[in-house]
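**Student:** Sequence:
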Amino acid sequence: MYSNRSAELVGLYDRMWIGRLNNELKASLDESWQAHNNVYLGTAVLKQLPAAYNLSAIWNDYEHQELTFYGPASARRSTTLWRLGNAFLRQGYELNHLHGALVLRLGVLAAADQYKYMHSNGLFELYSGYQATLDALVYQAVDSSNRINQLQLVLLVIEGCCICALVVAYMAWLLKKVDNQRYGMYGVFLIVPVGLVRGLASKSVSVEADNSDGEEENGEEQEDLVVPMNGGGGGGGGGGGGGGGGGDIRINLESGGQARGRTGSGGPNGGGGGPNGRSWYDKLAFWRSGTVRHGKRTMLRNSKESFWLLAPFVVWGLVVVVMHSLGYVMMEQASAPVAMTNVVNTVLTQLHRVVYFAQELAAQNSTEGQAALYPVLTHEVSRLKTEWDVMLYGANSSQAADIHYSLARRGVAFEKGVTVKTLFSAGTACWMPNTTDCYPPSHPYAAVVYRGLNALMQRFFVECDLLLRDAPAAWTLNSSRIDYIYKEGTGNLHWAMYTLTEQHLDRVISLYAMVEVFHVVVFVLSWLLAGVFLFGMLRPFMGHTKRETERIAEMLSQLPADVDVEGLLNRALISIKGDASASRGDRSARNSRVMPAPPSGLGGEGGDSGGMGSSRMSFAKGG
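Numbering (the UniProt record's numbering), first residue to last: 1 to 623.
In case anyone wonders, no lab produced these hints; they're calculated from the structure. Take these hints with a grain of salt, some might be off.
[As the list claims (entries may be wrong)] Computed cross-link-like contacts, DSS-like style, restricted to lysine-lysine with a CA-CA straight-line distance of at most 25 Å:
id, residue 1, residue 2
1, K546, K176
2, K304, K176
3, K177, K546
4, K487, K26
5, K487, K421
6, K385, K421
7, K304, K177
8, K487, K385
9, K26, K116
10, K416, K385
[To be verified] Label-pair restraints from in silico Cβ distances:
id, residue 1, residue 2, range
11, D564, S325, 54 to 60 Å
12, N23, P444, 27 to 33 Å
13, Y512, N396, 27 to 33 Å
14, Y127, Y512, 28 to 34 Å
Quick reminder that beta carbons are idealized off the backbone N, C-alpha and C, glycines included.
Please put together the full structure from these sequences, using the hints given.
**Tutor:** Structure follows, in structure tokens:
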């Protein structure tokens with residue numbers, strides 16, 4: 001601008017003027033300064049660069065050659081990337097602030113030490129250091145992503161499989177014990193003779209006022225629990241058991257004990273049955289249909305309530321497994337976009353390098369300058385084509401040998417979403433944020449802009465190849481090749497590529513955000529299920545169980561005084577605990593020893609004896 005090279009070129013720099021360039025330079029310097037400090041010093045917390053991935057060596061080793069200028073003299077020295085970047089940005093801020101005074105004093109801006117320093121050190125030394133840093137950061141990000149995914153897998157195995165399975169198994173075992181306790185309490189009425197149970201049923205049992213609703217609510221359930229079967233006879237014997245005397249009735253529940261009182265010898269006790277050994281699965285599987293047998297009376301099990309109490313834990317386990325599995329799959333998909341981030345950013349950087357060196361080649365007035373810049377531009381164009389192909393389609397086997405491309409195996413052309421639309425879809429007439437810079441529909445570049453980013457880049461490659469094939473005499477600033485390269489390289493092509501970069505980064509961030517959402521869903525659903533279980537299921541169940549227990553206690557209190565109620569309850573509790581010796585013995589026979597004592601004075605053979613297998617029992621009362 002200061003050399004007035006574009007005075008005779010009506011369209012090349014018509015979008016640019018010194019004030020606008022100065023503002024854009026200031027904005028770029030501010031962003032570069034922040035990024036430079038964040039990489040070396042950290043973002044939220046100040047910390048040193050780790051030695052891993054060679055980051056500390058890249059920034060702290062004196063491996064970069066710095067060219068300094070003192071008027072016409074220059075000197076070269078070794079420095080670190082941190083120092084080189086600081087010096088480059090400092091010279092840039094000076095140039096941004098003093099460019100007007102420097103031109104007035106020196107005549108041309110290119111003669112200023114600040115310009116010469118930035119031109120000599122920024123294009124190669126600083127660029128190579130930053131490129132190595134980006135490669136290392138991408139490796140670090142990919143490894144971090146893989147570690148997070150491994151943690152996802154560990155959580156899936158530990159929390160989703162082991163813990164959930166243990167919790168469900170423990171709750172199933174606990175609910176099984178609750179079921180056993182409930183049915184053990186009802187089992188007392190299977191031990192009591194049928195006559196007494198029918199007598200209780202014919203009585204008006206009074207309960208507390210606050211339990212009346214529960215009794216009405218669960219009336220049918222009580223009727224379903226005790227199912228009388230067709231009875232069979234108990235013992236035999238000689239004569240009838242009538243008569244006077246003051247005999248009593250006593251139920252003996254002691255293991256292996258005999259019935260209290262005198263009994264006849266005429267008939268054997270009822271009952272019978274084999275060992276009641278069960279596997280651990282049978283003990284745990286409360287949902288299976290089961291029965292409780294005492295003689296020929298059977299109590300049917302109904303474990304629907306227990307099943308519904310277990311349902312929240314099963315649902316919780318399924319939620320944990322599904323969400324962690326989805327998170328694992330998402331993190332697997334995140335590795336490829338993270339690895340491609342560096343290539344996407346490099347394409348944008350390489351685009352501007354080609355634009356810069358193309359202008360430098362066209363602005364040279366000497367054959368020596370053109371000869372020096374021609375191979376540089378050729379290399380930069382070739383590098384841009386390679387970066388573009390890898391970005392679109394991923395690295396092939398030969399390209400993957402380069403550390404810069406080794407992780408970039410899946411290109412953005414195979415991603416679904418807005419990135420593919422930006423690359424290949426038509427319909428966008430202008431990519432630039434300032435609409436005053438957009439082309440009118442009649443402009444020769446308007447059609448290629450409308451076809452999408454890929455069409456813009458392919459046309460850019462054609463213009464670069466034609467520029468390199470032209471004769472040196474055609475390398476001027478009024479060349480049509482330079483016109484497209486500069487206008488689109490700093491205009492629509494730049495902003496379309498910038499849009500693609502932002503879309504790609506947003507996709508990477510959205511994948512991590514989705515994994516975070518999965519964990520939040522697991523957390524929220526876990527608490528919701530806990531609340532549903534505690535307040536919507538457990539508390540009503542406990543209230544129901546309490547009313548049930550009170551009702552059983554009321555019924556037991558109505559038994560005759562001669563019935564050993566305490567022994568009945570102890571026997572039920574012993575059966576609940578699953579005593580080993582009890583399970584090996586003939587439990588049915590022992591539980592059915594309910595034998596009335598004959599009246600005093602009667603002989604052993606003349607009395608009737610009833611077992612638990614009998615559906616009827618006659619009781620001798622004193623008279």
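**Student:** Hint by hint, note whether the structure agrees.
**Tutor:** Do the hints match the structure? See the list:
1. Distance hint between K546 and K176 is fulfilled; the C-alpha atoms sit about 18 Å from each other, no more than 25 Å.
2. Straight-line distance between C-alpha atoms of K304 and K176 comes to about 12 Å, which keeps the hinted pair within the 25 Å bound.
3. Of the supplied pair hints, the one linking K177 and K546 holds, its CA atoms being roughly 16 Å apart against a limit of 25 Å.
4. Taking the CA atoms of K487 and K26, the gap is about 21 Å. The hint holds against a cut of 25 Å.
5. Note on K487 and K421: the hinted pairing holds, with a Cα-Cα distance of about 23 Å set against a maximum of 25 Å.
6. With a CA separation close to 21 Å, the supplied pair K385 and K421 stays within the 25 Å bound.
7. For the suggested pair K304 and K177, the alpha carbons sit about 15 Å apart, so the restraint of at most 25 Å is met.
8. Restraint check for K487 and K385: satisfied, since their Cα atoms lie roughly 19 Å apart, inside the 25 Å limit.
9. With a C-alpha separation of about 18 Å, the suggested pair K26 and K116 falls inside the 25 Å cut-off, and the hint holds.
10. Taken as a hint, the K416 and K385 pair is honoured in the structure, with Cα atoms around 23 Å apart against an allowance of 25 Å.
11. For the pair D564 and S325, the supplied restraint of 54 to 60 Å holds, since their beta-carbon distance comes to about 58 Å.
12. At about 29 Å, the beta-carbon gap between N23 and P444 stays in the expected band of 27 to 33 Å.
13. Remark: the range hint 27 to 33 Å for Y512 to N396 is upheld by a beta-carbon distance near 29 Å.
14. Between Y127 and Y512 the Cβ separation comes to about 29 Å, which falls inside the hinted range of 28 to 34 Å.
The structure shown violates none of the earlier numbered hints.
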